[in-house]
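> The residues making up each chain are set out below.
There are 2 protein chains.
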Amino acid sequence: MNPTHALAAFLAGLDYRQLPPAVLDRGEELFLDWLGSALAGAGARPVPLFERYAQRMGPASGPAKILANGHGTSAYFAALVNGASSHLVEQDDLHNSSVLHPGTVVFSAALAAAQDLNSTGKDLLLAAVAGYEAGIRIGEFMGRSHYRIFHTTATVGTLAAAVAVGKLMGFDQAQFIHLLGNAGTQAAGVWEFLRDAADSKQLHSAKAAADGVLAAYMTADGLAGARNILEGDQGLAAGMSTDAQPGRLCDRLGERWALLETSFKFHASCRHTHPAADALLRLMQREGLRHEQVAQVVAHVHQGAIDVLGRVDVPTTVHQAKFSMGTVLGLIAVHGSAQLVEFRDLALSDPNVAAFRQKVRMQFDPQVDAAYPARWLGRVTVTSTDGRTLAAAIDDPKGDPNNTLSRPELEAKFQRLLAFSGARTVEQGQALIARVWQLRDAQALGDLV
Amino acid sequence: MNPTHALAAFLAGLDYRQLPPAVLDRGEELFLDWLGSALAGAGARPVPLFERYAQRMGPASGPAKILANGHGTSAYFAALVNGASSHLVEQDDLHNSSVLHPGTVVFSAALAAAQDLNSTGKDLLLAAVAGYEAGIRIGEFMGRSHYRIFHTTATVGTLAAAVAVGKLMGFDQAQFIHLLGNAGTQAAGVWEFLRDAADSKQLHSAKAAADGVLAAYMTADGLAGARNILEGDQGLAAGMSTDAQPGRLCDRLGERWALLETSFKFHASCRHTHPAADALLRLMQREGLRHEQVAQVVAHVHQGAIDVLGRVDVPTTVHQAKFSMGTVLGLIAVHGSAQLVEFRDLALSDPNVAAFRQKVRMQFDPQVDAAYPARWLGRVTVTSTDGRTLAAAIDDPKGDPNNTLSRPELEAKFQRLLAFSGARTVEQGQALIARVWQLRDAQALGDLV
Chain A
0 MNPTHALAAF LAGLDYRQLP PAVLDRGEEL FLDWLGSALA GAGARPVPLF ERYAQRMGPA
60 SGPAKILANG HGTSAYFAAL VNGASSHLVE QDDLHNSSVL HPGTVVFSAA LAAAQDLNST
120 GKDLLLAAVA GYEAGIRIGE FMGRSHYRIF HTTATVGTLA AAVAVGKLMG FDQAQFIHLL
180 GNAGTQAAGV WEFLRDAADS KQLHSAKAAA DGVLAAYMTA DGLAGARNIL EGDQGLAAGM
240 STDAQPGRLC DRLGERWALL ETSFKFHASC RHTHPAADAL LRLMQREGLR HEQVAQVVAH
300 VHQGAIDVLG RVDVPTTVHQ AKFSMGTVLG LIAVHGSAQL VEFRDLALSD PNVAAFRQKV
360 RMQFDPQVDA AYPARWLGRV TVTSTDGRTL AAAIDDPKGD PNNTLSRPEL EAKFQRLLAF
420 SGARTVEQGQ ALIARVWQLR DAQALGDLV
Chain B
0 MNPTHALAAF LAGLDYRQLP PAVLDRGEEL FLDWLGSALA GAGARPVPLF ERYAQRMGPA
60 SGPAKILANG HGTSAYFAAL VNGASSHLVE QDDLHNSSVL HPGTVVFSAA LAAAQDLNST
120 GKDLLLAAVA GYEAGIRIGE FMGRSHYRIF HTTATVGTLA AAVAVGKLMG FDQAQFIHLL
180 GNAGTQAAGV WEFLRDAADS KQLHSAKAAA DGVLAAYMTA DGLAGARNIL EGDQGLAAGM
240 STDAQPGRLC DRLGERWALL ETSFKFHASC RHTHPAADAL LRLMQREGLR HEQVAQVVAH
300 VHQGAIDVLG RVDVPTTVHQ AKFSMGTVLG LIAVHGSAQL VEFRDLALSD PNVAAFRQKV
360 RMQFDPQVDA AYPARWLGRV TVTSTDGRTL AAAIDDPKGD PNNTLSRPEL EAKFQRLLAF
420 SGARTVEQGQ ALIARVWQLR DAQALGDLV
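Protein sequence lines, in the order shown, are assigned to chains A and B.
Under numbering that gives the first Met the number 0, the residue at position 74 of the first sequence is numbered 73, and the numbers go up by one with no gaps.
Under numbering that gives the first Met the number 0, the residue at position 18 of the second sequence is numbered 17, and the numbers go up by one with no gaps.
Be careful, since some hints might not be right.
Unchecked claim - Here are some chain A residues pointing at chain B (derived, C-beta under 7 Å):
id : residue
1  : Tyr52
2  : Ser73
3  : Tyr75
4  : Phe149
5  : Ala187
6  : Leu222
As the list claims (entries may be wrong) - From the derived model, a few chain A residues whose C-beta atoms are all more than 12 Å from chain B:
id : residue
7  : Met0
8  : Asp171
9  : Asp242
10 : Glu260
11 : Pro314
12 : Glu410
13 : Arg439
14 : Leu447
15 : Val448
If you're looking for bench data, these hints aren't it; they were derived computationally from the structure.
Ideal placement from N, C-alpha and C gives every residue a C-beta, glycine not left out.
Using the sequences provided together with the hints, build the complete structure.
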């Protein structure tokens, strides 16, 4: 059996009773983290543009909920708007070796479809696991060459979202094969927007979630797809990768739970900045160094960081600031924190941050690059104003599986996310947290949030 | 000014009064041809799947019309369903050197948006010209390497559709730049489905038209896109082409009317089979040869024909039969015609066609390949059962700009398309023809069809 068909067989056979307790626990934690991100994006550009588009093109009401404004609509438009808002503040989860943000695409599609289909909490968790396990393996399969040009969360995200919805619908192996074909041939999204402060990152997660819904609903109705969309001679890897590894598609299915390897984001910036941010924070705390005492910082990074971050020198928007290594390290050095509030209030306007930004440069590091993307190593070298050369290293950025966030830390992050947009009060946040920690017992999801 | 920005400036400045009469005439002819294709697809799989999806996810009514069933919906869903149905019977127009089917994406998006926006016939024609001129040049820019893996009508079609809608909305240069970014980063669709009798070709044209609508409406509302989505370091050409030619993007803008180079399809098969079909027909008529007298046929073809057609040996569906060189030449040899009716009634079941199919093979021809895609040369060599070797050549397949269809021929084709699906009577077809020949004077398009 070829790897794509083996993956489809696994997805079809995956049973809730098969899921280890740790997977269910982490599934709920990832859902809470996604929910916080989706609410944190409420009201912020470009989310209202997606809300207005849904209003113009979609039905006036419906069973699926747009989290940012509470409106009911069809599953397609709820997935679209929630996919946009949950990726906006750059606090959603990330899987390292696939470089995929699974939550923003999987939960945006799965919750919308679950509300439409009257699914239970157990159904949603099982669907999410299917989406994570498939999406992560497909991302790993597409390889590093893919990520150089393509935004994996956009391309592979379409397949991950589709798989989650297909699982909600109880697809068999043949349907999952069609589904991968139908979702895969819609896979799109390139990095070019980054240098322009464009809104495409939200468009990407929105479209991946929504097109995943489209692929699943049309497959359920009988739309036939390519049988080897991933590995075929004219498939995704042939067109968009030069280092695809078919073996990754069915890597230890049912034994390795890739969902457990997913990282929570701690800093509110692009994940490529986190290892250096953690290393710099450790160094400055260890040495008792203040930002004025730093003459120069070299962040030793993998090539992917240079590809994604390299082109923003002086950010002009908060979103660009999250992709500016100098700005992120500036916030860490000057304020000890690079959370949403620091980005909004200080990243563009604080002269100390701007001054620190000028001291930072990135340098390709072969050792860091070789470990990537399985591990995201943080290495910085600092030259102090009194002439000392100092170095620090971290091997597991905060939020990584080996250094994960506890439930209390996740609850605190969730409340920070809600407070940032003002979408919910602290009390409402507490109620949401309580409901998510009982997700597996929920009989209906229409009023969950 | 870089080529993308020059193209955007041209699109913004394009004025109806600037369009030569021949462009307006051909625009109406292409619209009629598209309309016939959209109606010919009514009722046939997978079009009803798209209709049901629009019903499930879209509004219950709206100003834009689904041609296949007459329902009103929003512009997004009308573009989606009409994009599917107008590409189904493989009779829609094709531009040679870009290998783009412009009509199915441009008119599906533009008519839906024009009905939503209360545009006039002049608006629609101007929008279509913008979509054709941009889409064709972007297709040429992406080059032959792109078409090897990617279905240009799906990828570039998204941009062509978006440009047409942007022109309806009166975009300025800056908006067209954003629009290209927003549409381009949604560009998707690979050829892998062809070997599987999958429904992806209709999914591609449907999604290109619909995502073009999405890109335009959201750009109008302010969604910012990448400024160099085509030529940028992480743009479409970087990710999906190895032979992109930036100069093609603004090739003789305002002087060369690429729309006039678009071919009408005569045979109801994949366009890559047409040159050989015309050459074989000429040879058999010239020699007075009957199909039983043919021992072997070699079709001398360009590489693209082998890439697209090569993998279907014995078709199992009518759609696959249209991509089977042996079947197409079999219909020509046995029945003298390869129209929709022959495909439906004879392509899979006639033993004479099946026998002839076995006699056909394709052979790469350097001269034919060198001329492609600017010209699609037809070259066949036939070995007769009495041992003669016969050859024939045509340089302009029927329907090409140098051998185009007259208005009476287009009207006859239109009526054949309507009769095929039974979507309209002959009298209704006559009334539609009359209205389309007065498209430039139409004040409203809501009830045009």
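> Run the structure past the numbered hints and jot down the numbers of the failing ones, going up.
Checked against the structure, no hint fails, so every one of them is satisfied.
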